[in-house]
Structure formats: C-alpha cells, structure tokens
Amino acid sequence: MTRPRLVTGARLQYDDVREEHVLLVPEGAVRLNPTAAEVLELCDGERSVDEIVSTLSARYEGADLRDDVQGLVDGLTQRGLVVDAAA
Amino acid sequence: MLQPRPATLIAELSYQCPLHCPYCSNPLDIGHEKYRQELETEHWIRTFREARALGVLQLALTGGEPMLRRDLDELCAGARAAGLYSSLITAGVNFTRERAEALKSAGLDHVQISIQSPDQEDNDRIAGNRSFEKKVAAARVVKELDFPLTINCVLHRQNLDRIEELLDLALDLGAQRVELANTQYYGWAVPNQDALMPSWEQLQRAEQAVQRFREQVGPSVDVLWVLPDFYEDLPKPCMGGWGRTAIVVAPNGDVLPCQAASTIPALEFANVREHPLEWIWNESDAFMRFRGTDWMQEPCRTCPLGRQELDFGGCRCQALRLTGDAAATDPVCRFSPHHERVVAARESAQTDEFVYRAIKRPVRA
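Protein chains in written order, with this note's numbering: chain F, 1 to 87; chain D, 1 to 365.
In short, the hints are calculated from the structure, not lab data. The beta-carbon is built from N, C-alpha and C at its ideal position, and this holds for glycine as well. Don't take every hint at face value.
Per the computed footprint, the stretches of chain F lying under chain D, defined by three or more beta-carbons under 8 angstroms from a beta-carbon of chain D, are [to be verified]:
no., region
1, 1-9
2, 27-38
3, 78-85
Only some residues are given here: those of chain D computed to face chain F with a beta carbon under 7 angstroms [said to hold, decoys possible]:
no., residue
4, Thr96
5, Glu98
6, Glu101
7, Ala106
8, Thr150
9, Arg177
10, Trp225
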C-alpha cells in the first residue's frame, strides 16, 4: 500500500443522530472512532502511509501512531473499503 | 419504551416498470388505483429529512423503475442535502448518459443495475422485455461517471446454472459489488413458484462457484449470496427484525415495515402525507404489531435455541401465507408445526412458463 484512498463511492460523514463518525459505502455504514475518522480523512490518494503517520504525529505532540494507522488501513483494505491510489 | 433506530429507507418511487420480472417483490395489486396517487417531490424530500432525523443513513431509490420519476435528480439532491447515502436500484433501461450526468451532479452516490441472466436471450425472456444490451450500456456509463457499480441478479431454477457466466460478466463490467439474491417467495414469485424453485443440487453448485470466484478475485469485488430460505431449517431475521432497521415507503406514501407487508390484511399503514415519519416509526400500529418479541407465540416464545433476538421469528408475510396466521413462527423453522409445508414446496411441480408482472392483469407468455 503506497497511497491509500477510500474505495470509489465511500464517503465520510458525521452522524449527528448517533453522535459518531461513519464511513458510508454502497448499502452499508462502518462506525468509526474519532481517531479512525481522522486517519481516513487523510487517506486522500495523495499522501503515503508515512505522511499520514507524520501528519497525525505532529497533531498529537509526537505520539507514535504508526501501528494504529497501519492496522486500520490494512483492516479496511482487506474489506475492500480502502484501495491503493498508486495501483 | 425506547424504540430502535432505523438505518435504511427503501423508497419505492413508482410501481411503473418497463420490465415484467416474474419474481418482482412488488405487490400483486400494483395496478390498484391507490398506487397511482404518487407522492409529490416535496413529500419525498420531507420524508428523507425526517428519516435522517430518525437515524437513517442509507436510502434505496427503487420501484418499479425509479428512473421513470422525472424529478429523480431533485430527489437525489434532496437526499444528499438531508445527509443520506443514496443508491439507485434500476433495470438500466432508461439510464441515458445525459440523465446519469444529472444524477451524478445532484449527488447520487451509487448505482445498482439488475441483470436477469448473463445470456442476452435468456435475460430478455425472463425480464419480458428486450433489455440486456441497454443494461450493459448503462453499466458502462455508470463506470465512466465513476459511480460505484453493483450488479444484482435474482436467482432461481432458470438462471442458477449460469452463475459463473454472471460473475464473469459482473467482473467485466467493473462491478464493485454483486448481489446474488435467491428468490424469496413474496409478491409475483408466489404465482411463479413452480417456475422458480431451484433444486438443492443447483444451489450447491452455485454456492461453490461463488466461493471459487471470491477466492480468485479477492476483496475488490464484494459478492453477497442471499440464502434461499426454503432450503433452510432456521428462519432468517426478515428485514433485520420487524420495525427494527428498515422503513419502506410505497409510491403513494404508505409506510410499511417490509415490501410485502401489504399482504397482511389486518395491518393499517399510516401515510407520510398525513403523519410525521417519527410517529409512524415509533407509534403506528403497523410498526408496533410485530416489533420486539412480546407478540411471539409458541414455539418462538420459548425457543429452544434462544433465537428470539437473532431471527425475530422469521418472516411475518411468509408465516401468514403458509399458516394463515401472521403471528405464527415462520414455517422455515424446523420447530414450526407447519415446517413440512416448506419441505414440500422444494418439490414444486416444474414449469418454464412465467406469469409476468403486469400493471393491469397477469399475462401468460
């Protein structure tokens, strides 16, 4: 995975009824915790995983989020919800 | 009492359709006067906003053929403004590039095209309309405009043996999802049961083909295989439970817990022209009648497997049709005293002749 992006048709939204972030996909919705939502907002097909990690790290005072980012991207890739923009 | 939150709104925009599929889930009385009083644009858009406020995220724009609504782009814009993810469920016959572009800019999220068979002649015979080439052309437009594409096919005895060709076609068209839904015996499928009921061997072969395809293609194509419940011995959680996740609005604004609920004669359906959706969901008779588990009779009440909250007693419409009582256990369940009726239906007399869906009166091919 070089430059992750959301699969065609997937859309991030804040569900103000349930008060949580969701990834909307064809005929489904994936509930997201706030961190996952932040990661996915950065999965724009332009940034590499490294760049996503460093962007978040800068935002959170140097915290190491590599495992969290990689785990989320891998999990959603296996479900077909994140794809590689470079592929 | 706190009610569950719905996730899906199924908007049946019109029962008009150029196709005549013999398993259509629409009611047999689609020609009834009441369905000609279709909702106005503003009724639908208000309903979308009210649905979102109740918690709905997914909107299925369906029918009949939703493309026959001239205000479809306005409806898509209204859905997007309300915060809904919209899917167009279409036969693909009227899906011109010009209209598709208008839908795209209005905010439509996803397009699902039905295919009746991967073989042109067979597709057109099952659909009762020369439509195969238009469907393929529509799928290409969907991809060109960068919509996610779902191909759906309702499966039955007369197309199950072509499932590998169907999967190959879906792959070739660039489908991201394939919905393979074995026929459920509601609506027009009931008078066509003898023409549709598959054999166990056909189902086994098809399921193996699906499995092979999944292994070969991986996560880039999501294949949904909807089990044929007549070959099960535990019921499905129909609609995810009555009044629990989904709302169906008929073309005239009647609000139903499922597409087939109008077959239950004892139910009264409130209409969005007269009542707020919130009241209909939370308090109306039709949604309260079979919600939760309090309405259950034996053997559901003391289910030996404790499945009351897993399958919600199965399907109410099927219970009514096969036992005469909509509050009975779905006879798909092996604990139902009527289970032998489901077993007997597997041995349907076989015919290739369809009773085609028609607005005025059923016609025989």
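Comparing the hints with the structure gives:
1. Given as covered by chain D, the region 1-9 of chain F passes the check, having 3 residues with a CB less than 8 angstroms from a CB of that chain where 3 are the minimum.
2. Coverage of the region 27-38 of chain F by chain D holds. Counting CB-CB distances below 8 angstroms, 3 residues qualify, and the rule asks for three or more.
3. With 4 residues having a Cβ less than 8 angstroms from any Cβ of chain D, the region 78-85 of chain F passes the three-residue criterion, so the hint holds.
4. For D/Thr96, the suggested interface contact is broken, since its CB lies about 21 angstroms from the closest CB of chain F, more than 7 angstroms.
5. The interface hint given for D/Glu98 is broken, as the beta carbon of that residue sits about 21 angstroms from the closest beta carbon of chain F, more than 7 angstroms.
6. Residue-level restraint check for D/Glu101 is violated (minimum Cβ-Cβ distance to chain F is 17 angstroms; threshold 7 angstroms).
7. Hint status for D/Ala106: violated, given a least beta-carbon distance of 15 angstroms to chain F, over 7 angstroms.
8. For D/Thr150, the shortest C-beta to C-beta distance to chain F is roughly 6 angstroms, which falls under 7 angstroms, so the interface hint holds.
9. The criterion of a C-beta within 7 angstroms of any C-beta in chain F is met by D/Arg177, whose closest approach is roughly 6 angstroms, and the hint holds.
10. The closest approach between the C-beta of D/Trp225 and any C-beta of chain F is roughly 15 angstroms, which is over the 7 angstroms cut-off, so the hint fails.
The structure fails to meet hints 4, 5, 6, 7 and 10 from the earlier list, while all remaining hints are met.
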